[in-house]
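Student: Each chain, written out:
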Amino acid sequence: MSIDLNQFHTVFFEESQEHLDTMEQRLMDLDLGQPDPEDLNSIFRAAHSIKGGSGIFGFSALGQITHVMENLLDQLRQGQRHPDNALIDLLLSVVDCLRRILERYREEAEPDWDEVASVTKELEQVLACKGAGERDDVAALQADAESDAFGFFDDPPAEEADCDSANTDSADRDDAGWGLFEDDPASGAGPPADSGAGPDVDASAAFGFFDEPTAPAEANPDSVPSSPGAAAAGAGQQAALRKSKAAATSESATIRVGVDKVDSLINLVGELVITQSMLKVLGEDPENLDPMKMATVLAELERHTREIQESVMSIRMIPVSFVFNRFPRVVRDLAGKLDKKVELVLEGTQTELDKGLIEKLVDPLTHLVRNSIDHGIETPDRRRAAGKPEQGTIVISASQRGGSIVIAISDDGAGLNRERILAKARENGLAASDDLPDQEVWELIFQPGFSTAEQVTDVSGRGVGMDVVRRNIQQLGGRIEIASSEHQGSTFTIQLPLTLAIVDGMGVSVGGQTFIIPLVSIVESMQPPAANLNRLAGSNLLHVREEYWPLLPLGDVMDVTPRHRDPADAIVVLIETTKRRYGLVVDELVGQQQVVIKSLEQHYKRVPGTAGATIMGDGSVAMILDVESLADIVQDPIEEAI
Amino acid sequence: MSRQKDQGDGAQVTRTDVREYLTFSLGDEHYALDIMAVKEIRGYESVTRIANAPDFIKGVINLRGDIVPIVDLRIKFNVGEATYNEFTIVIVLQVHERMVGIVVDGVSDVIALSREERRPPPEFGVAFDSRFLVGLARVQEHMVILVNIEALITSNELGLVDIATQESENAN
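Chains as they are written, first to last, in our numbering: chain R, 1 to 642; chain U, 1001 to 1172.
Note that these hints are calculated values from the structure, not bench results. The beta carbon of each residue, even a glycine, is placed where N, CA and C say it ideally should be. There may be inaccurate statements among the hints.
[To be verified] Short derived list, chain R residues pointing at chain U, Cβ under 7 angstroms:
#1 F327
#2 V330
#3 D559
#4 R563
#5 Q594
#6 I597
#7 V607
#8 A613
#9 I615
#10 G617
#11 V621
[As the list claims (entries may be wrong)] Calculated pairs, EDC-like style, for lysine to aspartate or glutamate (alpha carbon to alpha carbon, straight line, at most 20 angstroms):
#12 R/K51 / R/D84
#13 R/K605 / U/D1109
#14 R/K598 / R/E310
#15 R/K337 / R/E310
#16 R/K605 / R/D559
#17 R/K261 / U/D1066
#18 U/K1039 / R/D260
#19 U/K1039 / U/D1109
#20 R/K355 / R/D260
#21 R/K598 / U/D1066
#22 R/K388 / R/E359
#23 R/K598 / U/E1097
#24 R/K605 / U/D1055
#25 R/K579 / R/D618
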C-alpha cells in the first residue's frame, strides 16, 4: 500500500462508517410489505460505495462481502426478490460484520478471514436459493436451519462471536478443518454450501452460482458439524461484542463540521484581528488615551471573544440522534430474541450535546435500554393478563433543562420489584430494612454485583451493569435517578451538564472566598428585608412574593466563616433547581462573568457541592457550585412538616 | 512503569543503574524522592480552600490552568512547624497523569545513587509510614530515606484520589 493512499484511509473509514449507518437505518425502516424503492436504492448505493472504496485501497475482505451483498441488493432493487424478516436479519448481521472488518482495517490488523468466508457463504446461499428458482427459499432455508441447528439464521450472533474471540474460537474451527480458509482468502468464497442449503435446493445447482471455484470447500464435510459448536460459544459473545463497540466509539477522534460553522468562525477571527490592531494603536500612545474609545474597543473585544467561544463550542455539539439512532436496532434485535413486542419512541433527537459526552453515553444508555426490554417490559401474555396492550413502549427522550441535558428512558413495563430488590440486597449482605423509602430501595440496584433477574440470560442479569452505568455517568459530571411504580413502568433519568467547558456564572463571596453560581439556576438576588425572614424548626425561611424559600448558608456548607451570621445582613441568591427552590446566603455578589470549567477530579477528587473549579481573572482558583446537589442538603421545614 | 517496579522491588533488579533523587527535609529528617516525578519546585502561594477536606490538604492552586491540590506533609506526618512564609517550598509532583504539590520544610539537593548505595528501608522510627519507604542511603554525614512518592500520592492515606477513579485508572 503506498503512502499516498494512506492519507485517504481515514476519510474512507469515516465514509464507510456513515454508509454502514445508512444501511442499517434504511434496513430497519424498510416496510416489508411494500419496500420503498428509494430505501432499497440507498442501501444498494451504500454497499456499492464501500465496495468501490475498498477496491481502491485493497481492503479485499470488505470488497468480497459487499460484492455479494450488492448482487443480493440488486435483486431486491429490481423487484426480483422480496425482502422478508429473515433476509433483513441476515443483512443486518452482514452490516455488523462489515463494521468489525472495518474496525480491523482501521487498527491496521488483518480481518478475520474465517468470518469473511462464512458471511460470504451465507449471502451466496441466499443468492443461490433464488437462482434455483425457489421464491420462498429464504424462509424455507430458515426453517430448515432451525431444525438442523445449522446456526446461521436462528442465531446470527454466533457467527460474530468468533470475530471477537478469534483466539479461542478459530482454534476450534481449525481442528474442524476451517483453517483452510485462513491462509487462502480466495478460496474462502466457496465454503460448503451444500448440506445446509435446505431440501428444496439441489446442492449441485446451488454450486453453479458461485463466482469462484469451490473445490477446496468440498473437502470439508467436517465444517458443518462445527457450526453448532460455534453457536455454543454464544454465551461470551455479548460481552465481547460490547467491548469491541466501546473500542470503536472511543477511537472516532475526528469530527465532521458544517462549512457554515467554519466560515463563521473564520469571520469572527477576522474581526478579532481587527480589534486587536485597534487596541495596538490605542496602546502605542498611552498618554493621550481616550478612555471612551478604549471602552468601546474593549467591549468589542469582549463581544468577539464570546462569539468565537460560542462558535467553537458549537463545533463540539452534535445532536443526540447520534446515539439514539442505534436504539431501534438494539430494540428490534432484543425484542425478537426475547419474544416481546416493543415499540420504541424517540423524542428530542435534535437536542445537542457535547461530542465527548455523547460518545461516553453510548454504553450506559444501551445498557439501560436493554434493561428496560429485558426486565421492564413483560412478555405479551403477562401484559395481556395485566390488562395492558401486548406491545410495550419504551420512550427515550432528550431535552435541555436550564444548564443541563436530561435524558430519560421510560418503559410501561412491570416496574422495579421492591420485595425482590430488598431480598437480593440482604442476600448480598447489605443492610436493608423493609421500611426503606422507595427512592432508597431503587438506589440499591446501583450496588456492584446486583441483579434481580430470576435467571441470568445473555441479555442481562449478571449484575455487572448498573453500578458501572452510574459510575460512567458520574464521571461525566451527571446524575442518574430512578422513578418506578409497580405495573406502570419505570423511568431512568440521566442529567448531564450541557457542555464541559464554559458557563455563565455569578461570582459570590463568603468569608473572603469566591464561589461561582451557574447563572441559569439563579432566579434573583436580594438583600432580604428582616421582616420577611422567618425561623422555623431551626432553619431560616425567606418570604418572597407569596412563597417561602428555605435558606442555605453557603459558609456552613463550604466550611468558611461568613462575615454576617444574620441573613438579614447578608445577600440571598434565590436558586431554582429541578428538585426544589432555595436561597443561598452569601456575603456579597462579586459580579457576573463567564468561567471556564476546570476539572477538580483531574488532579484531586470530586468535592461534594461543587461542579468543578475555575480560574479567576487574578489567577486564583474559585469553586463552581453544584446547585443541584446543594439542593439535597437544604432543610425545608415546611416540606418536612408535610 | 518499570521505574516504579525498580523502586518498589530494588532487590530483584540486576541492573546497576544510577538514579537521581531530590532530597528534602521534613522536621529533622531527610528524605529523597525520584527526581523524575518532580515537575517543578515553587514557593508557597495562597491557596483556595476545599470544603471539608482534611487539614493537611491546604487547598488548590492554579498551575498554568491546572487545578492542583496542595498537601502539607508537615501536617500530615506531624513534623516540623507548619508555617507559611516566602521560604516555604512546594514540590509539584507529576505521578501518572495526576499533579499534586507537597509542602516540605526545605529542598536540599539532587543526589545520584547507584543500586549499591540504596539500602533497605528502616522498619520504623521515621515520620513517613513504612509502607511508602523504599530505601535508605547515606549521603555525606546523614541518612536519607528514599520514599516511593507515587505510592503515597495514590494511596488512600492522603485521600487525593477517588476510589472509583482509581479503579478506572487501574483498569486502563
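Student: Of all the hints given earlier, name the ones this structure violates by number, lowest first.
Tutor: 1, 2, 4, 5, 6, 10, 12, 13, 15, 17, 18, 22, 25
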